Amino acid sequence: MIEMNHVSFAYGGEGPSVQDLSFRIEKGEFTAILGANGAGKTTTVRLMDGLLKPTAGKVLIDGADTAVSPVSQRARRVGYLFQNPDRQICKNTVREEILFGLRTVRGDEGEEALQKRAEETLRDFSFTGEEEPFSLSRGQRQRVALASILAVEPEVLILDEPTTGLDYRECCHIMDRIRRMNEEKQVTVIMVCHDMEIVLDYARRALVMAGGKLLADGGVPEIFRDRELMERSSILPPQMIGLSLRLGAGFEQADSPESMADAVISKMAGGKAK
Amino acid sequence: MIRIQDVSFTYKDEKHPALKEISLEVPEGGFLGIIGPAGAGKTTLARAIGGIVPHHYPGDFYGRITVNGMDTVDSPLTEISRAVGTVFQDVESQIISPVVEDELLYGLENFGVTREEIPERMDFALEKVGIPELKERSIASLSGGQRQKVAIASVIALKPRVLLLDEPTGELDPRSSRQIFTLLKSLNEDLGITVIVIEQKIMLLCEFAKQLAVMSEGKIFRQGETREVLTHAEELEALGVNCPRVTTFSRLLAARTGRELPVCVRLEEAENLARGLMK
Numbered sequence: 001m002i003e004m005n006h007v008s009f010a011y012g013g014e015g016p017s018v019q020d021l022s023f024r025i026e027k028g029e030f031t032a033i034l035g036a037n038g039a040g041k042t043t044t045v046r047l048m049d050g051l052l053k054p055t056a057g058k059v060l061i062d063g064a065d066t067a068v069s070p071v072s073q074r075a076r077r078v079g080y081l082f083q084n085p086d087r088q089i090c091k092n093t094v095r096e097e098i099l100f101g102l103r104t105v106r107g108d109e110g111e112e113a114l115q116k117r118a119e120e121t122l123r124d125f126s127f128t129g130e131e132e133p134f135s136l137s138r139g140q141r142q143r144v145a146l147a148s149i150l151a152v153e154p155e156v157l158i159l160d161e162p163t164t165g166l167d168y169r170e171c172c173h174i175m176d177r178i179r180r181m182n183e184e185k186q187v188t189v190i191m192v193c194h195d196m197e198i199v200l201d202y203a204r205r206a207l208v209m210a211g212g213k214l215l216a217d218g219g220v221p222e223i224f225r226d227r228e229l230m231e232r233s234s235i236l237p238p239q240m241i242g243l244s245l246r247l248g249a250g251f252e253q254a255d256s257p258e259s260m261a262d263a264v265i266s267k268m269a270g271g272k273a274k
Numbered sequence: 001m002i003r004i005q006d007v008s009f010t011y012k013d014e015k016h017p018a019l020k021e022i023s024l025e026v027p028e029g030g031f032l033g034i035i036g037p038a039g040a041g042k043t044t045l046a047r048a049i050g051g052i053v054p055h056h057y058p059g060d061f062y063g064r065i066t067v068n069g070m071d072t073v074d075s076p077l078t079e080i081s082r083a084v085g086t087v088f089q090d091v092e093s094q095i096i097s098p099v100v101e102d103e104l105l106y107g108l109e110n111f112g113v114t115r116e117e118i119p120e121r122m123d124f125a126l127e128k129v130g131i132p133e134l135k136e137r138s139i140a141s142l143s144g145g146q147r148q149k150v151a152i153a154s155v156i157a158l159k160p161r162v163l164l165l166d167e168p169t170g171e172l173d174p175r176s177s178r179q180i181f182t183l184l185k186s187l188n189e190d191l192g193i194t195v196i197v198i199e200q201k202i203m204l205l206c207e208f209a210k211q212l213a214v215m216s217e218g219k220i221f222r223q224g225e226t227r228e229v230l231t232h233a234e235e236l237e238a239l240g241v242n243c244p245r246v247t248t249f250s251r252l253l254a255a256r257t258g259r260e261l262p263v264c265v266r267l268e269e270a271e272n273l274a275r276g277l278m279k
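Line by line, the protein sequences give chains A and B.
The C-terminal residue of the first sequence carries number 274 in the numbering used here, and the numbering is unbroken.
The C-terminal residue of the second sequence carries number 279 in the numbering used here, and the numbering is unbroken.
Please keep in mind that the hints were generated in silico from the structure rather than gathered at the bench.
One or more of the hints may lead you astray.
As the list claims (entries may be wrong) - Chain B regions said to be covered by chain A (calculated; three or more residues, Cβ under 8 Å):
no.	stretch
1	65-76
2	116-127
3	272-278
Said to hold, decoys possible - Part of the chain B face toward chain A, derived, beta carbon under 7 Å:
no.	residue
4	16
5	173
6	249
7	253
8	256
What the hints assert, rightly or not - Output of the computed footprint for chain A on chain B, the stretches with three or more beta carbons under 8 Å from beta carbons of chain A:
no.	stretch
9	137-146
10	178-188
Note that this is a predicted model, so its numbers are computed, not measured.
Where a beta carbon is used, it is the ideal one built from N, C-alpha and C, also for glycine.
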């Protein structure tokens, strides 16, 4: 569980980037953090990972204060996928990249166990291990970065714009994989994402930020249906929710092309929308 | 007019061609969106239109590209870049000055614009992009969206006839992304600038682009008017290119009602379609 208690943070010489944030994220949740550029989303997830220390308030990961808990302890629990995989990848082969994270975080398990974990991860992600990360496409590099994080089996996965620069197929591949981890292994997922269609498809809870403050916290469809909130936070809802809002009563449950088509057809037949 | 005739290109030291027999025409004042999965050759095609391939990235180039009659292989890169303004995927790699006005000045001076004309061009570009108040701001203090606009302004100031953008909204939020596309539309319609955009945000692209070119494995898989290309949604999805959800919605409605219905590209169209059917 991650708990933010009245957390504020200011980068040196500037006003506060985030102010008085308080919320809890329970184990196994899939939460998206939404907001315009500059809303404080990345700062918030960096605080949640302990990459930044709050200038006021406390961040607790399973009760341990990030301001004092050792990095090695946090790294086992929390995996952080950067927006740009090139900021993360540092080895010349995919196998070495995966082993690098394992040796750093789980070195106490012994080399044989780590090699076994690395081979399982390579198989799981369909890598041979010999690929050179920097000769792969952006999407494949993002998969390398994700594989090296998941090999460590973190309890919490923080994703900062995981689908930027990826094509649709790569995006689904990465997100389906993350959903599996969330559903099968109860890995807590916290995701910063600008693609509202992805948020609607994958996340269950949304935190909305603007100007460094938390504006709203709720279920994803409910958040997107709040017109006033969307306006205040400069978010455009996903297309089907936008359409259901335009069509009004009877379309509240229609949030995919399929359910929207069903709803329209049922109205054509004179019945109520499903 | 941009004319691409049977263009193939293989990067030096690479075995496989990045572009294979590409033929495409973009009319003067066109607004072309290029889509396709990763590795389809989109960025290479953009580089070829801007002359960066093969001038900067050497390799085996076959075929011919002309921009307003100028051959991109035979003409010097400086001449091509006067006609084609390029905004790269990674804006950080494009901006080199610490202050906004210096960034615009850099290009203008390099293009030999006279001292008298520079202030006028600078103000025009900043005004057109909607950031006149940022003129004296440091680049470091700007958001991602503002930097993107600075990069576009610095290209607009050079008055190119063609504007080429490679994923210009990659790191922008939905509202800022829409602002960038609205700006491109205004440059296209008000100034007659030909716009070519590579973009993964398919819903946005389809709403603004007049024509689409779908690339796959170095080839043009399909090209045409945006709405016409989207009538082949199943083929596009098989390639790994998604369609706007309103397009999927209109397709599903047509299939399930057995009626011939228009392909929707915009939200308003989907609303009108739904309301019309429910009357």
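Are any of the numbered hints broken by this structure? If so, which, sorted upward? 1, 2, 4, 10
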